[in-house]
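Residue numbers (our numbering), protein chains in the order written: chain A, 1304 to 1627; chain B, 3 to 260.
It is worth saying that the hints were derived from the structure and are not from the lab. A portion of the hints provided could be inaccurate.
Okay, derived cross-link-like pairs now, DSS-like style, lysine-lysine, Cα gap no bigger than 25 Å in a straight line [stated by the list, open to error]:
#1 A:Lys1587 <-> A:Lys1609
#2 A:Lys1309 <-> A:Lys1383
#3 A:Lys1364 <-> B:Lys14
#4 A:Lys1567 <-> A:Lys1609
#5 A:Lys1530 <-> A:Lys1609
#6 A:Lys1324 <-> A:Lys1383
#7 A:Lys1420 <-> B:Lys14
#8 A:Lys1383 <-> A:Lys1364
#9 A:Lys1324 <-> B:Lys167
This one's a predicted model, so the numbers in the text were calculated from it and none came from an experiment.
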Amino acid sequence: MRNTYKTMNAIEVHNLVKGYKDVSVLHDVSFTVTRGTVFALLGANGSGKTTTINILTTLIKPDGGTATVNEFDVGEQASKVREQISVTGQFAAVDHVLTARENLILMGELRHVTDPKQIAAGLLEKFDLNEAADRPLATYSGGMRRRLDIAMSLVGDAPVVFFDEPTTGLDPQSRAGMWRTIRELVENGTTVFLTTQYLDEADRLADTIGILHGGRIVASGTPAELKGTLSTGLVELEFGDEQQVSTAQRVLSAQHDVRRVDSKLLVASDGTVGEMVDLFVRLKDNGLEPTEFSTQPPTLDDVFFKILDDEKHEEKEERHADAH
Amino acid sequence: MQTLTDTWTMAKRSLRHTTRSPDTIITVLLMPIGLLLLFVYVFGGALGTQTGSIDYVDFITPGVIIMTVMSGIAYAAVRLSTDLQQGVISRFRTMPVAPSSVLSGQALSSTASNLFSCLLVIMVALAVGFRPTTDPLAWLCLAGLLALLILATTWLAMFFGLLAKTVEGAGAFSYILLLLIFISPSFVPTDSMKPWLRGFAEHQPMTPIIETMRSLLVDGTPGPDIWAALAWTLGILLISYTAALSVYRHRALVAAAQ
């Protein structure tokens, strides 16, 4: 199924718009996913992640804009798109009357693979479900159902795989297993699209991250690029006495964003040598000498909260402008 | 070709659901068999005087068979609605599966399991004195008509199952169909009804179907109502099939997602 393609992109989304009744969910969403990479769509609850996945997997139609998966349009060529994808939704969509083995064989038969039984046996082994393979699902724990759900979406080796919040509600061990599965998929050339609310998950797994907020992609790039957009790495400074702390705070506030936590000062900085030298020279000129200092590089959390902060400011300004 | 394979796969799945929940088969059979016994042994003495030359058990057996069908097909709606709530339908809809196969498979398995239920009810009727004078050809006609009726009402049930917001709601619609059986010549001749009700009872879809079945079972011939019976069942089948498939294809059925 892995043919030659015209573009590098497994997924292309342009100006997607979707609303339900009078609630607008997606305003104008655009992004691309390079073939054979992991893309993480990051956003809070209700930000439209699942709506985006539902559109890309042909479950719902957008109100505007276009989306293609392996160059097939999700609206016009839905059945072609379905041959390219497999989906694991947010809730385990498994047949509770059948056994795990029967669920997997059912997927194999529906995907017209040559040997459904053998594929089922392999996946049961891989996902540690062998012991319970022939028991009805009613006896399964939530974690086991989730594992089966994911195994079912791997039957047939679809070239583009969607996971909607794959690790929400999983214990740490299953979570690590899930991450391993995603890495293996990508090693074999599969394109993975996942949504998550966990920043560390996106940071670890994704080649590219898109941050969805207020119905728009407010930032996107590699984890490193996103962190690079911030000058908000922190320098942590400690001083000998209270007098010095408050003087230092006054002195540095002129150039930097400074926060005081107990007897420490947290100074926003891009962490470059030039800026560090500048900072220490200014302290020395004022007769101040920190007793201890350390630096913290920006994290994806910082990026996320900064973006949300900026958005809030903009909204406020817009409202302000509207009022006049 | 792919549609046929997929339909068969779906039918196998759906049949497994039926055979693994024998309680649903018992529930389906309980009411018609209970009513059969009630009518024959309790009400039969009083009502039986009104059915003329026909023995009362022979008179009511067609109605009891149809009642079996109406309570049986409700499970098609319930199972479809359950699949919808559990996200299984959403999963199928993202797969390269012929869209009609999900519903057709369910319809096939519903037809098979309901024909089986009907067979069991006929055996109980025979045990309590039902004496049909039917030749093999008439039995074949009866089986064909029953299969068509089950298929048509299963598609109708699935249409409601797709629209229902809850699994309970999906099961409730069959009460309407059960009511239609009582307001028909199933258990008492229509001339004993009030005139306004009689008009309805004689022209509603269940009536020609019951009359044809009775004619096949008692006289061994389809009788004059066969064309009306076929027209109603084929009409219901065609409309329900189109409506159910259209709902399945075009509505956003992302039930469990929110």
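Verification of the supplied hints:
For the given pair, A:Lys1587 sits about 31 Å from A:Lys1609 by alpha-carbon distance, which is inconsistent with the 25 Å threshold. At most 25 Å may separate the alpha-carbon atoms for a hinted pair to count; A:Lys1309 and A:Lys1383 meet this at roughly 16 Å. In summary, the hint linking A:Lys1364 to B:Lys14 is not supported, as the alpha carbons are separated by about 31 Å, beyond the 25 Å threshold. Between A:Lys1567 and A:Lys1609, the direct Cα distance comes to roughly 22 Å. Compliance with the 25 Å bound is thereby established for this hinted pair.
Between A:Lys1530 and A:Lys1609 the alpha-carbon distance is near 11 Å, which keeps this suggested pair within the 25 Å criterion. Restraint check: the Cα-Cα separation between A:Lys1324 and A:Lys1383 comes to about 29 Å, which exceeds 25 Å; the hinted pair is violated. In summary, the hint linking A:Lys1420 to B:Lys14 is supported, as the alpha carbons are separated by about 16 Å, within the 25 Å threshold. For the hint linking A:Lys1383 to A:Lys1364, the alpha-carbon distance of about 15 Å falls within 25 Å, and the restraint holds.
Pair hint A:Lys1324 plus B:Lys167 holds up; C-alpha atoms about 18 Å apart against a cutoff of 25 Å.
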